[in-house]
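Asker: Read off the chains here:
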Amino acid sequence: GESVGLHLPTLSVQEGDNSIINCAYSNSASDYFIWYKQESGKGPQFIIDIRSNMDKRQGQRVTVLLNKTVKHLSLQIAATQPGDSAVYFCAEKRSGGSYIPTFGRGTSLIVHP
Amino acid sequence: GAGVSQTPSNKVTEKGKYVELRCDPISGHTALYWYRQSLGQGPEFLIYFQGTGAADDSGLPNDRFFAVRPEGSVSTLKIQRTERGDSAVYLCASSFKGGGLFFGEGSRLTVL
Chain A
1 GESVGLHLPT LSVQEGDNSI INCAYSNSAS DYFIWYKQES GKGPQFIIDI RSNMDKRQGQ
61 RVTVLLNKTV KHLSLQIAAT QPGDSAVYFC AEKRSGGSYI PTFGRGTSLI VHP
Chain B
1 GAGVSQTPSN KVTEKGKYVE LRCDPISGHT ALYWYRQSLG QGPEFLIYFQ GTGAADDSGL
61 PNDRFFAVRP EGSVSTLKIQ RTERGDSAVY LCASSFKGGG LFFGEGSRLT VL
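Keeping their order, the protein sequence lines are chains A and B.
Here the numbering used here is used: position 30 in the first sequence is 30, and no number is missing along the way.
Here the numbering used here is used: position 49 in the second sequence is 49, and no number is missing along the way.
If we strip away everything but chain B, and leave its shape as in the complex, we get (with noise of 0.2 Å):
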């Protein structure tokens, strides 16, 4: 597609609860990050992949966040056993040969 897609766009689920986020970079974009950002926050670094291989993984805040990008393209964040505190706005970007990022719209995520 012309742009960065995330899917879904709004997820509210109950605490204790898997949750997977789809995002569907730039064709051709080889770097794709995750990034969360909180109300009133810029965004924060979660994971950095280049391929398919997760180069950075720094800042996942823990181990109930994983991310995956099987084929080089899609990628999907997981987080299992949600908390409140997860609730935030997933973004999604993908840039060409170390290029300014280019964003997707967000996955709002509200853990009830």
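So here's chain A without its partners, still in its complex pose (with noise of 0.2 Å):
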């Protein structure tokens, strides 16, 4: 069946250090991709899109990269503060053509000052 799914729930880090969050898809049809943040007691927040005619984007101190031969995402933090500390989804535009996000479990980001 179609799912998002991420490789590892938790992920530490030292304060400074890049950090790379990674996805796996199987929905060869999605064609948009979004990474959400997700700290305790909130709502998701929104941090950066791709749409599957690019390989790569680039945002404020991230980039996400999407392989689509081997349907692999993955949200790189550069020099990874304290405040990145939270869950991290990544979801996936279904097929049909409504545009409903889907999200996986997560991944923990853990930030050591």
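No lab work stands behind these hints, which were simulated from the structure alone.
Keep in mind that the hints are not guaranteed to be accurate.
The calculated lysine to aspartate or glutamate pairs, modelled on DMTMM-like cross-linking and capped at a C-alpha distance of 25 Å, are [what the hints assert, rightly or not]:
1. B:K11 to A:D49
2. B:K15 to B:D86
3. A:K42 to B:E20
Make one complex out of these two single chains by using the hints.
Answerer: Encoded structure:
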């Protein structure tokens, strides 16, 4: 079936290091992907998105890479800060026309000072 | 307002009671979504509105759940005969023309 999943449930890094959070998807018809950050007790916060006609997109300290060949998505955070500690979700656009993001379980990023 | 607003932020009710959760989306956003999130899980899709109509309600778990958006802006999620398994954070999000979703802080529902 179609699914969105994450390789690692928890990622621990030192402050200042770069972080890479990975995500696999199985729906080859997905054409839009989004990364969200969710802090404890808050709603998910939009970070960055990418369409399937792109391989890479950069934002402020974040880069999303899309590898359609192996159906893999990654979020890279440069110079990780304690404020980056949160759960990160990738979401894909479901096939069928309606834009309804489907979320995986998430990866918990823990940044140690 | 500047962001998606959800009320109440917390709701405690007894099993069998009726509950309404309200969502006020970002002004001008035509699409509105309801998701449900249990502890340690990602958001689970419930229903999606485009304007006033429910474009996709395939995520509603059963007929005890219903949502409306009568004027294409504010939406209300209604849960009848609540059960303990309905306890979760109910998230609302809005978007403009298929772009990224912007979420509210959620309404935490606890059914005793």
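Asker: Work down the list of hints and note, for each, if the structure agrees.
Answerer: Do the hints match the structure? See the list:
1. B:K11 to A:D49: Status violated; Cα separation ~33 Å.
2. B:K15 to B:D86: 9 Å, holds
3. A:K42 to B:E20: Holds, at about 20 Å.
Hint check: a violation occurs at hint 1 only; the rest are consistent with the structure.
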